[in-house]
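Q: Sequence:
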Amino acid sequence: MNQALPVVQLRVPTDEDAVAWHRAFAHPDVMEFQGGKAAELSVYDELTARQRRHDAERGFCLWTMLDEDGQVIGFTGAQPWEMGWGPVGEIEIGWRLAREYWGKGYVTAAARLTLERVRAAGVPSVVAMVDARNARSIAVTRRLGMQLAEVFTTPGAQREGHCYRLDL
Numbered sequence: 000m001n002q003a004l005p006v007v008q009l010r011v012p013t014d015e016d017a018v019a020w021h022r023a024f025a026h027p028d029v030m031e032f033q034g035g036k037a038a039e040l041s042v043y044d045e046l047t048a049r050q051r052r053h054d055a056e057r058g059f060c061l062w063t064m065l066d067e068d069g070q071v072i073g074f075t076g077a078q079p080w081e082m083g084w085g086p087v088g089e090i091e092i093g094w095r096l097a098r099e100y101w102g103k104g105y106v107t108a109a110a111r112l113t114l115e116r117v118r119a120a121g122v123p124s125v126v127a128m129v130d131a132r133n134a135r136s137i138a139v140t141r142r143l144g145m146q147l148a149e150v151f152t153t154p155g156a157q158r159e160g161h162c163y164r165l166d167l
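The opening residue of the sequence shown carries number 0 in numbering that gives the first Met the number 0; numbering runs sequentially from there.
Because the hints were derived from the structure by calculation, they are not lab data.
None of the hints are false.
Okay, derived cross-link-like pairs now, EDC-like style, lysine to aspartate or glutamate, Cα gap no bigger than 16 Å in a straight line:
{"id": "1", "residue 1": "Lys103", "residue 2": "Asp66"}
{"id": "2", "residue 1": "Lys103", "residue 2": "Glu67"}
{"id": "3", "residue 1": "Lys103", "residue 2": "Asp68"}
Using C-beta positions, here's what the derived DEER-type ranges look like:
{"id": "4", "residue 1": "Gln8", "residue 2": "Glu45", "range": "20 to 26 Å"}
{"id": "5", "residue 1": "Val150", "residue 2": "Asp44", "range": "33 to 39 Å"}
{"id": "6", "residue 1": "Trp84", "residue 2": "Glu56", "range": "21 to 27 Å"}
{"id": "7", "residue 1": "Ala156", "residue 2": "Gly58", "range": "29 to 35 Å"}
Only a predicted model underlies this, so the values are computations on that prediction, with no experimental measurement involved.
Just so you know, even glycine gets a beta-carbon here, dropped at the ideal spot from N, CA and C.
Model the full structure from these sequences, guided by the hints.
A: This is the structure:
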C-alpha cells in the first residue's frame, strides 16, 4: 500500500538556513555517508551562498526543504557534479534530511518537486550519486524511476558507489 506523501515546500536557501541545516544535520546517522561527522557552520554558510548563486544563474539549486508547518527539515535539489571523477558536468540531484523526519516520505515528495523544477529549467537528464550502503537513498532513486547506470569506487575513501540516471 502506498502512503500519501507529506506536503513539502522548497525555497532558495537564506543566510539563516545555514544555521538550520547545521542543526538539522548534526546527528551522526544523517552524516553516515557524508564523512561520518557534522560539518562546521562555515561549510553551510558557504553552501547556502553557493546555492543562491546557482538558483540565480541556472534556475535550480539545493533548496531548503520545509515541512507542512514551515520548519526547516533539510535540503533537496540539483547542482552540477563538480568532482573531477564520475559524471563530470552532469546535473546531480541530492537530498539530506534531519533524522527525526526519516521514513515519512519527505525526501520522495521533495525530490519529485525537484525533478519538476529542473525539467522546467531545461535540464534533459539527472544523476544521483549514492553510497552503495545507503539503502534509504537507493530506495528514493527507485521511487523516482531512476535506473542504475554505473557502479564505481570513490577516490580517497575507496567505497562502492552507484550512479543512478533519469532522462527527463
